[in-house]
Each structure stands twice: as structure tokens, then as C-alpha cells.
Amino acid sequence: MMRAIKKLMFTPIVMVALLVAAAGVKPASFFWLYQPAPPAKSE
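Each step along the sequence shown adds one to the number in numbering that gives the first Met the number 0, with nothing skipped, and position 6 is 5.
What the hints contain is simulated information worked out from the structure, not anything from laboratory work. Treat the hints loosely; a few may be bogus.
Between beta-carbon pairs, the in silico distance windows are [unchecked claim]: (1) A22 x R2: 37 to 43 angstroms; (2) R2 x G23: 26 to 32 angstroms; (3) M0 x P26: 39 to 45 angstroms; (4) R2 x V24: 40 to 46 angstroms; (5) A22 x M1: 29 to 35 angstroms; (6) K25 x K5: 39 to 45 angstroms; (7) A3 x V24: 39 to 45 angstroms; (8) I4 x V24: 28 to 34 angstroms; (9) G23 x A3: 26 to 32 angstroms; (10) M1 x A21: 40 to 46 angstroms; (11) A20 x M0: 27 to 33 angstroms; (12) K6 x P26: 37 to 43 angstroms.
All C-beta atoms in this analysis are idealised placements derived from N, C-alpha and C, irrespective of residue type, glycine included.
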């Protein structure tokens with residue numbers, strides 16, 4: 000019984016983590032790949 004409850008609690012956490020990872024990695028890789036050149040000055 001405890002195992003089923005743990006699984007029910009754990010699965011949404013994994014899904015959210017995957018969504019956050021996908022949402023975080025895709026824009027970062029997009030900007031990194033399509034950035035024509037690194038910024039010369041940060042200011």
C-alpha cells in the first residue's frame with residue numbers, strides 16, 4: 000500500500016521535472032545554437 004502511495008506521489012514529480020527540464024533546455028539550446036556571435040560586451 001505504501002509503495003502505491005509513494006508511486007502516486009513520485010510520478011507527478013518526475014513529470015514536472017521532465018517538463019521543467021524540457022522547457023529549460025530547449026530555449027537555452029535554441030539561443031545557444033542560433034546566437035550569431037557571443038556578445039562582445041555585457042554592459
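Verification of the hints:
Distance hint check: the CB atoms of A22 and R2 are about 30 angstroms apart, inconsistent with the given range 37 to 43 angstroms. For the pair R2 and G23, the beta carbons lie near 31 angstroms from each other, so the given range of 26 to 32 angstroms is met. For M0 and P26, the hinted distance range of 39 to 45 angstroms is satisfied, since their beta carbons lie about 41 angstroms from each other. Checked against the hint of 40 to 46 angstroms, the C-beta distance between R2 and V24 comes to roughly 31 angstroms, which is inconsistent with it.
Distance hint check: the CB atoms of A22 and M1 are about 32 angstroms apart, consistent with the given range 29 to 35 angstroms. At roughly 30 angstroms, the beta-carbon separation of K25 and K5 lies outside the given 39 to 45 angstroms, and the hint is violated. Between A3 and V24 the CB atoms are about 32 angstroms apart, so this pair departs from the stated range of 39 to 45 angstroms. Checking the proposed 28 to 34 angstroms range against I4 and V24 shows it holds: the Cβ atoms sit about 31 angstroms from each other.
Range check, G23 to A3: about 31 angstroms between beta-carbon atoms, so the 26 to 32 angstroms window is met. Range check, M1 to A21: about 30 angstroms between beta-carbon atoms, so the 40 to 46 angstroms window is missed. Against the hinted window of 27 to 33 angstroms, the Cβ-Cβ separation of A20 and M0 comes to about 31 angstroms, which satisfies the hint. Take K6 and P26: their Cβ atoms lie about 31 angstroms apart, and the range 37 to 43 angstroms is violated.
Checked against the numbered hints given earlier, the structure breaks hints 1, 4, 6, 7, 10, 12 and satisfies all the rest.
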